[in-house]
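J.: Each chain, written out:
Protein chains: 2
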Amino acid sequence: MLENRIRYKPLRDKITDPSTASRIISDGSNLFISGFTAGYPKQIPQELVRRARQGEQFKINLYAGASTGYQVDGILAEAGLVSWRRPYMSDRTMRKKINAGEIRFKDDHLSRLSSEVRAGNWGRCDVAVVEAVAVTEKGHLIPTMSVGNTPTYVREADRIIVEICAEPEELEGIHDIYIPEDPPYRMPIPIYRTADRIGKPFIEMNPDRVSAIVFSDQEDTCAIFSKPDKAAIRIAEHILDFVRHEIRKDCIPPALPWQSGVGDVANAVLNGFIEDDFFEGLSVYSEVLQDAILDLIDIGKVRAASGSALTLSHKARRRFFNELYRYKEKIVLRPVEISNAPEVIRRLGVISVNTAIEVDIYGQVNSTHLMGSQLMNGIGGSGDFLRNGALTFVVTPSTAKAGKISSIVPMVSHVDHSEHSVDIIVTEHGLVDTRPLTPRQVAEQIIRRCAHPDYRDLLWDYYQRAVKTSGGHEPHLLEEAFSFHRRYMETGDMRPAP
Amino acid sequence: MLENRIRYKPLRDKITDPSTASRIISDGSNLFISGFTAGYPKQIPQELVRRARQGEQFKINLYAGASTGYQVDGILAEAGLVSWRRPYMSDRTMRKKINAGEIRFKDDHLSRLSSEVRAGNWGRCDVAVVEAVAVTEKGHLIPTMSVGNTPTYVREADRIIVEICAEPEELEGIHDIYIPEDPPYRMPIPIYRTADRIGKPFIEMNPDRVSAIVFSDQEDTCAIFSKPDKAAIRIAEHILDFVRHEIRKDCIPPALPWQSGVGDVANAVLNGFIEDDFFEGLSVYSEVLQDAILDLIDIGKVRAASGSALTLSHKARRRFFNELYRYKEKIVLRPVEISNAPEVIRRLGVISVNTAIEVDIYGQVNSTHLMGSQLMNGIGGSGDFLRNGALTFVVTPSTAKAGKISSIVPMVSHVDHSEHSVDIIVTEHGLVDTRPLTPRQVAEQIIRRCAHPDYRDLLWDYYQRAVKTSGGHEPHLLEEAFSFHRRYMETGDMRPAP
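Chains as they are written, first to last, in the working numbering: chain A, 27 to 524; chain B, 27 to 524.
Just so you know, the hints here were simulated from the structure itself, not pulled from any lab data. Since this is a predicted model, take the numbers as computed values, not measurements. Just to be clear, a hint being listed does not mean it is correct.
To be verified - Derived lysine-lysine pairs resembling PhoX-like cross-links, with alpha carbons at most 20 Å apart:
#1 A:Lys-164 - A:Lys-40
#2 A:Lys-494 - B:Lys-123
#3 A:Lys-122 - B:Lys-494
#4 B:Lys-494 - A:Lys-123
#5 B:Lys-122 - A:Lys-494
Modelling step: build the complete structure from the supplied sequences, incorporating the hints.
T.: Here you go:
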């Protein structure tokens with residue numbers, strides 16, 4: 027009986043159906059929802075789509091912690107219900123509409139979101155829709171598989187709709203909810219070690235603002251990551267070799283925590299630890315925790331894992347829920363302004379691994395826009411970790427589209443992370459530690475070590491002519507800087523016809 | 027008698043002449059010097075030049091806190107004595123040689139420097155050369171007008187040369203020296219308000235490592251900033267109007283501290299406060315403090331000013347030294363890893379103003395490279411403040427070179443700060459708050475409000491065709507993105523011939 031999960035009994039009066047609950051949402055509403063790859067509400071979005079199908083004309087502004095699943099971003103985008111979306115998304119239809127200018131979107135550094143919302147910079151917080159496993163005896167919320175910005179949304183919202191879902195109530199205790207004061211009254215965020223708990227296990231909520239509670243039996247749909255391919259495994263090997271070497275040289279201490287972005291290469295790095303016998307007692311201070319974390323906890327390699335969301339495959343979910351008591355000892359879920367806090371990332375000295383779309387010969391990184399114009403997903407938390415980590419890796423397979431696209435280009439068509447925020451560039455061919463190098467040395471090494479052999483001569487030719495013709499600290503030929511991209515857009519291949 | 031300033035008497039045995047002192051410096055030496063726009067050593071650099079003139083063949087690697095004066099960067103570059111230089115410079119000859127590939131250079135985010143040096147990533151710390159006003163009774167150092175990375179350099183150096191200079195010994199007490207532990211043992215940096223003092227008024231030094239002490243009677247030569255021109259004054263007015271408005275709307279609290287970069291516009295902003303009757307009880311949490319700070323302290327507008335250096339004109343210096351006791355109550359000089367610490371900047375909620383070379387229609391910022399290739403000075407601390415400030419302004423006059431260069435371009439030729447790290451773009455024509463806008467809206471507003479009228483139609487034409495042809499979230503025409511730059515390189519004017 028999900029009703030029993032509303033332990034604060036006066037709120038049981040608010041139990042209703044999604045149709046009634048959603049009535050407070052109308053054209054122009056600002057909707058602030060829970061969700062950070064996982065833990066998003068399901069009933070209300072579906073209800074909004076139903077209303078639209080019945081002919082109601084309305085659009086909403088949709089703000090979450092980061093991306094959500096098809097059940098939110100997908101169906102709302104398909105139904106044409108989204109006017110604005112922030113701060114990150116990964117849905118195919120939504121992406122298409124953003125690129126067509128039909129959905130307004132701005133991608134933001136995730137660490138800054140909550141304070142921007144509290145400052146009122148995202149507009150009035152009309153309605154918060156949040157997924158929870160329970161309402162506590164005092165009327166507070168126990169969230170589900172993510173925290174994201176939910177604590178701030180719940181605090182700021184005029185009205186709150188709660189979706190009580192069927193995930194185990196025993197999730198209680200895995201969350202650590204702490205909202206820092208905003209400047210000029212902010213104090214240090216008192217996390218000194220990955221596992222530190224500094225807040226409460228629930229999200230504080232004013233029960234008077236709850237306008238409806240609905241029940242949900244739907245699960246998150248999480249993107250399934252394929253088994254790492256050869257390139258991903260090779261990239262992971264390069265990273266582990268390098269870090270092992272740095273530790274042995276005593277350049278970095280052995281106990282630094284790791285962050286690994288979302289995706290195949292990130293998973294490959296974590297998988298790499300499984301077979302490895304050098305690394306032990308690891309800790310993970312990351313944003314999204316995925317399946318590999320459970321494996322590493324199971325074999326005793328990971329001492330502590332902190333993130334803002336736990337995004338598991340269907341299979342891993344079952345395993346996690348079955349032994350929740352055991353995983354709860356190792357895993358902490360935090361608000362994203364804490365998981366991604368520059369202060370904490372720099373204090374702990376996080377080793378950070380993030381994926382790029384393309385990297386240029388001087389180490390400038392594009393992680394958001396294809397061919398300079400088309401948004402992929404957004405910047406997410408990559409900047410928070412790359413800028414502040416103690417050792418930061420940007421990784422990419424050297425080519426995409428069966429070799430037709432080189433991920434190493436003369437100049438990236440969009441810059442998200444400047445060369446100053448990235449220490450080490452890695453492809454399956456090799457790795458360049460840019461820290462002790464001048465930009466020209468970086469270019470020479472990236473071409474030689476990271477680029478795919480099919481593109482090395484082309485890149486070398488560009489670089490040599492740039493040195494000769496333009497000179498300067500970072501020689502570029504502005505008329506040719508995007509020649510690779512232009513060739514691809516014209517012929518479908520960055521390589522010239524033979 | 028400068029000798030009396032060596033209060034730790036055993037060190038008086040180390041007093042010598044620059045020629046003898048400099049003998050420990052030889053070909054390939056890594057020289058870590060004090061200095062952060064001010065407070066650099068003068069005797070030893072001159073001595074090195076003398077040795078070179080006498081025919082000695084050698085080169086050194088030169089690391090400071092940031093830029094130094096002509097007496098270091100200028101003369102050493104002219105004499106061809108510099109192999110490597112990090113992390114920032116502003117000397118004409120040095121710039122020329124860096125761009126020619128004759129001096130190796132890497133510009134770094136200043137907040138990360140000290141920890142990189144402690145980790146050994148800049149190589150062995152052979153010799154530290156530091157300017158000081160005194161050596162304390164226990165053998166510690168009282169630095170001069172800057173702190174920069176000196177505390178770390180003194181701690182890490184194998185051998186130390188001290189230049190005791192004639193600046194007033196009463197500078198003692200203005201510095202606040204704190205070296206944080208490195209990860210994973212770092213604790214929060216305990217600064218909660220601008221004026222907080224968390225360390226010691228001296229730089230800890232192991233007297234056994236002091237190999238020589240020399241005396242110096244030379245002063246820093248500081249760049250003289252011209253009186254702000256009309257454009258700078260207009261930019262400052264836009265900023266103050268905007269912030270006043272934000273405070274009145276209660277979007278930001280009135281007590282946030284300010285950071286203002288080096289240069290005319292930055293000075294104009296501070297000068298703007300003098301006439302203003304809205305702002306009071308200001309605090310400044312910045313990197314380099316300049317003349318205007320003294321004026322603001324004098325009229326009681328600034329309650330506290332924190333920086334890593336005090337870079338004053340000759341006239342302001344006299345004034346400062348005459349009433350040092352009074353200014354010392356308001357001013358704190360800190361290591362740059364503290365003045366620029368992301369943790370502290372974000373905690374305090376700094377309002378940050380930094381200058382760009384060029385900005386593009388989507389708000390990407392170039393602050394380092396002319397025409398994509400030629401280094402200007404380096405990134406310095408701009409990234410530390412822009413990424414972490416509560417409200418961040420990037421400012422530039424709308425044109426340069428008498429209108430021949432537009433500072434607003436279709437795409438910047440180099441990116442240092444991505445659109446995500448910049449809130450507000452300002453030229454003398456107007457201001458765009460990018461925070462609530464999509465990239466397309468940003469483009470439309472920057473063209474309309476910030477660009478110089480001579481370039482508006484050109485930019486609008488580019489943008490409109492990009493939307494039509496490429497579409498996407500940030501429409502660009504890659505074949506034309508640098509058309510402004512190419513025209514300038516061909517004709518000396520970004521405007522097409524009439």
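J.: If a hint holds in the structure, say so; if it does not, say that too.
T.: Hints, one by one, checked against the model:
1. A:Lys-164 - A:Lys-40: 15 Å, holds
2. A:Lys-494 - B:Lys-123: 15 Å, holds
3. A:Lys-122 - B:Lys-494: Roughly 16 Å between the alpha carbons, so the hint for Lys-122 (chain A) and Lys-494 (chain B) holds.
4. B:Lys-494 - A:Lys-123: It holds: about 15 Å lies between the C-alpha atoms, which stays within 20 Å.
5. B:Lys-122 - A:Lys-494: 16 Å, holds
In summary, this structure violates none of the numbered hints.
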